[in-house]
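J.: Sequence:
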Amino acid sequence: MATKKEILAYAKQHGFIYPKEKVILLFILLGGAVGGFVFLLLTKLWELLISILGNSSSTIDYFQSFIFSFGLIPLFLFFGTLFGFIPALLTGIYLSIKEFIIIEAKDYGFLFLIGSLSVLFSITILIIITDPNPFIFDFNDTIITILLAIIGGISAMIFGKLFLPKLPKNFDK
71 MATKKEILAY AKQHGFIYPK EKVILLFILL GGAVGGFVFL LLTKLWELLI
121 SILGNSSSTI DYFQSFIFSF GLIPLFLFFG TLFGFIPALL TGIYLSIKEF
171 IIIEAKDYGF LFLIGSLSVL FSITILIIIT DPNPFIFDFN DTIITILLAI
221 IGGISAMIFG KLFLPKLPKN FDK
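Residue numbers (the working numbering): 71 to 243.
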């Protein structure tokens, strides 16, 4: 099987142009929003799991709360865009520089890795800039950072599936 570079080079010879600006712009505008939605969904599913395992009598009440929480989607999309702007920008820039395309299922793992690393990098820089003593180990901050990195990775996978360029349908691997 041909490598990704060979496939991309062949596709470029036959008229495929990688839309670098479009990838970066879409990641900036929508990447954080996807992360905000993933955060809302995972939070509500976690609360539902705790409700089911903890007290089954309040499960029906929680289902009502779960349905009501979908009214919060615009708020989470806004804050996801606000807080996820820099990691989404870093992810979009890296993927467009590498001209990343999805060919195999393992490419989603790479998207997860890049999304997670961009979140980890952004949070690390933020901690170093804002914290007077950033090298003191705080377990709670580490757990939150890991969870946010996982959300960033999931967001990158979803966003990659939806918006990264695809090769033409008549392209033979």
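Hints in this document: simulated from the structure, not taken from any laboratory. For every residue, glycine included, the Cβ atom is placed at its ideal position computed from N, Cα and C. Each hint should be verified, as a subset may be incorrect.
[As the list claims (entries may be wrong)] In silico DSS-like pairs for lysine-lysine, Cα to Cα no more than 30 Å straight-line:
id: 1; residue 1: LYS231; residue 2: LYS176
id: 2; residue 1: LYS74; residue 2: LYS114
id: 3; residue 1: LYS236; residue 2: LYS168
id: 4; residue 1: LYS90; residue 2: LYS236
id: 5; residue 1: LYS75; residue 2: LYS92
id: 6; residue 1: LYS168; residue 2: LYS114
id: 7; residue 1: LYS231; residue 2: LYS82
id: 8; residue 1: LYS74; residue 2: LYS168
id: 9; residue 1: LYS82; residue 2: LYS176
id: 10; residue 1: LYS231; residue 2: LYS92
id: 11; residue 1: LYS114; residue 2: LYS231
id: 12; residue 1: LYS176; residue 2: LYS74
id: 13; residue 1: LYS90; residue 2: LYS114
id: 14; residue 1: LYS75; residue 2: LYS90
id: 15; residue 1: LYS90; residue 2: LYS231
id: 16; residue 1: LYS90; residue 2: LYS168
id: 17; residue 1: LYS92; residue 2: LYS82
id: 18; residue 1: LYS176; residue 2: LYS75
id: 19; residue 1: LYS92; residue 2: LYS168
[Unchecked claim] The following label-pair restraints were derived from C-beta to C-beta distances:
id: 20; residue 1: LEU142; residue 2: ILE214; range: 26 to 34 Å
id: 21; residue 1: TRP116; residue 2: LYS236; range: 17 to 25 Å
id: 22; residue 1: LEU152; residue 2: PHE209; range: 43 to 51 Å
id: 23; residue 1: PHE136; residue 2: LYS82; range: 45 to 53 Å
id: 24; residue 1: ILE216; residue 2: LEU111; range: 44 to 52 Å
id: 25; residue 1: GLN83; residue 2: ILE137; range: 21 to 29 Å
id: 26; residue 1: PHE209; residue 2: ILE143; range: 15 to 23 Å
id: 27; residue 1: PHE133; residue 2: GLU76; range: 31 to 39 Å
id: 28; residue 1: THR73; residue 2: LEU95; range: 22 to 30 Å
id: 29; residue 1: ASP211; residue 2: LEU112; range: 27 to 35 Å
id: 30; residue 1: ASN210; residue 2: GLY141; range: 43 to 51 Å
id: 31; residue 1: PHE191; residue 2: THR113; range: 39 to 47 Å
J.: Hint by hint, say whether it matches the structure.
T.: Comparing the hints with the structure gives:
1. LYS231 x LYS176: Measuring from Cα to Cα gives roughly 12 Å; hence the hint holds.
2. LYS74 x LYS114: With a Cα-Cα distance of about 38 Å, the restraint between LYS74 and LYS114 is violated, given a limit of 30 Å.
3. LYS236 x LYS168: holds (14 Å)
4. LYS90 x LYS236: holds (13 Å)
5. LYS75 x LYS92: holds (20 Å)
6. LYS168 x LYS114: violated (35 Å)
7. LYS231 x LYS82: holds (21 Å)
8. LYS74 x LYS168: The given pair, whose Cα atoms are some 11 Å apart, holds under the 30 Å limit.
9. LYS82 x LYS176: holds (23 Å)
10. LYS231 x LYS92: This hinted pair holds, its Cα atoms lying about 15 Å apart.
11. LYS114 x LYS231: holds (24 Å)
12. LYS176 x LYS74: holds (12 Å)
13. LYS90 x LYS114: violated (35 Å)
14. LYS75 x LYS90: Within the cut-off at roughly 16 Å; holds.
15. LYS90 x LYS231: Given pair LYS90, LYS231 holds - Cα atoms ~16 Å apart, limit 30 Å.
16. LYS90 x LYS168: Distance of about 9 Å is within 30 Å: holds.
17. LYS92 x LYS82: holds (17 Å)
18. LYS176 x LYS75: Given that 30 Å is the threshold and the Cα spacing comes to 16 Å, the pair holds.
19. LYS92 x LYS168: holds (14 Å)
20. LEU142 x ILE214: 26 to 34 Å: violated (20 Å)
21. TRP116 x LYS236: 17 to 25 Å: Distance hint for TRP116, LYS236 is violated at roughly 33 Å.
22. LEU152 x PHE209: 43 to 51 Å: violated (27 Å)
23. PHE136 x LYS82: 45 to 53 Å: holds (47 Å)
24. ILE216 x LEU111: 44 to 52 Å: Hint violated: Cβ distance 18 Å, outside 44 to 52 Å.
25. GLN83 x ILE137: 21 to 29 Å: Given a distance of about 52 Å, which is not inside 21 to 29 Å, the answer is violated.
26. PHE209 x ILE143: 15 to 23 Å: violated (31 Å)
27. PHE133 x GLU76: 31 to 39 Å: Given range 31 to 39 Å: violated, Cβ gap about 51 Å.
28. THR73 x LEU95: 22 to 30 Å: With a Cβ separation near 28 Å, THR73 and LEU95 satisfy 22 to 30 Å, so the hint holds.
29. ASP211 x LEU112: 27 to 35 Å: For ASP211 and LEU112 the Cβ distance comes to about 19 Å; the hint is violated.
30. ASN210 x GLY141: 43 to 51 Å: violated (30 Å)
31. PHE191 x THR113: 39 to 47 Å: For THR113 against PHE191, whose Cβ atoms are near 24 Å apart, the range 39 to 47 Å is violated.
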